[in-house]
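Each chain, letter by letter, is given below.
2 protein chains.
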Amino acid sequence: MSEEPGFAGACVAVVGLGLMGGSLAGALATRQACRQVVGVSRRPETLRTALERGWIHHGTTDLIEGTAQADVVVLATPPRVVLRQLREIGPHLQAGTLVMDLASTKAQVLRAMEGLPACVQPLGGHPMCGKEQAGIEAAQPDLFAGRPFILSPLPRTSAGALEQGKALVRAVGAVPVVLDAADHDRMVAWVSHLPHTVALSLMGAAMAGAQQDPGLWSLAASGFRDTTRLAASDPDMMLDIFLTNQENILRAMNAFREQFDKLYALIEAGGEAPLREFIEAASRRRRELNL
Amino acid sequence: MSEEPGFAGACVAVVGLGLMGGSLAGALATRQACRQVVGVSRRPETLRTALERGWIHHGTTDLIEGTAQADVVVLATPPRVVLRQLREIGPHLQAGTLVMDLASTKAQVLRAMEGLPACVQPLGGHPMCGKEQAGIEAAQPDLFAGRPFILSPLPRTSAGALEQGKALVRAVGAVPVVLDAADHDRMVAWVSHLPHTVALSLMGAAMAGAQQDPGLWSLAASGFRDTTRLAASDPDMMLDIFLTNQENILRAMNAFREQFDKLYALIEAGGEAPLREFIEAASRRRRELNL
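Just so you know, the protein sequences line up as chains V and S, in that order.
Take any residue in the first sequence, note its place counting from 1, add 338, and you have its number in the working numbering.
Take any residue in the second sequence, note its place counting from 1, add 338, and you have its number in the working numbering.
Keep in mind that the hints were calculated from the coordinates and are not lab data.
Hints should not be assumed to be uniformly reliable.
[Stated by the list, open to error] Calculated pairs, DSSO-like style, for lysine-lysine (alpha carbon to alpha carbon, straight line, at most 27 angstroms):
no., chain 1, residue 1, chain 2, residue 2
1, S, K469, V, K469
2, S, K469, S, K504
3, S, K600, V, K600
4, V, K469, V, K504
5, S, K600, V, K469
6, V, K600, S, K469
Construct the complete structure from the given sequences, taking the supplied hints into account.
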């Protein structure tokens, strides 16, 4: 680990060069935030693309080779791959290495991070940004600019390691937000995971409707486009989210269904005043949000 | 009615100068598509704004005065106001006047249009565009550019009147799509009205979650923003939509609930293969859509 504050002298290994990892590597390299960015990817062509763009200084398909000498390791793979990679890299890491992830759910990853050797510093991370495209083709070094970037330390995480994590977050242009893993998973279930289930179900419903009326797709405008956008997210990522945050997601889904059933009953009853009240409460709150 | 093809020599009265009516008046006037645009609004300040922008040539708060001499009347008010205004203007219109509306639901409006004097030409209209802001401040003359604009003729509507409606649609930059009112209402229930119910319910669910976790709003990113955007639509418009297309909306809501409950059960069961199948079917279809 570099003796300099932050990680200006550090070698940062980014494992997985998709939307998130590619963007992170690109942000670090193009902003010259650290001494070296090493990229790890299963696919040589992804490494070539990252090298050509100047987003990594060195690339390898070998997880152990790519991470063993790093001062900071960022696992930018889907949650369940992170769980496996933590087990694989643990024994080979240098003492003092900061190990972060970028996965959308935190509790399971942090439990797995407990299994890392005691000399290693684990720190959960989740940048609150994204888009529906996946892969390095969709990556962009300014993806994190101005976005909240959640950091979830473990009890064993040192204050210095947390500071280093914050420095990395700021170096890619994001805003560090320290949040307990359980709080994180409960809160993002409402604002991120639930919207994914809703978007997928809306697509499913429209597909059912299109069996009778194939022409409905030609009438879909910006409202349908935006409400279903999340359904086009990477299926592997959605699968991993749903399987690693079940309890919180099911609770949020139950709350959604309660609202949806209430609205159904109000429309069916056809009384203006209570229907207006429901609509206006949700509509007012939405307009108040600064999104 | 002008003898010229289309309506280059026509006086077009636009009733209601909100998002839709303001944009339509602005498109007609700035493209010099007709001889005169008369604006009708309850509020004098709206008329002043429209006059200042050059979107109308003449403004009045008097519905009868504004429409009695027009060759084309476009009612750009919410569906249930349209129903009332049709009764009010009917006896005062010139023979041959084309009477259109822009309401989001068509069956009820077209039934009311049947009550117009026989010498008048009724034509239902629904431009497939919009945004969550309401009022003339949100209006923009290019709102219709490239968008489908549905025209629903009645059995009594003459071929010439339908052609004049198509000419108006093309004059504001939109693409005319002729569709039976019942087909329209059934199809837009899936791609427009159902997404509104989903967005409102999602806001309601997040508001319930925020009672325990007020901090969740600060984690809301672009996914939540887009999935809930329609909840910020004009409450009066949503209310009118829900109350004038109940049957179709309830059918679409039932189909949504079926999908949502299926996804809930799959997440609860935790089996990877069937969950992946559900996700991938919806995700693939969404990516295929050219939205």
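| query | Which of the stated hints cannot be reconciled with the structure, identified by number in ascending sequence? | reply | none
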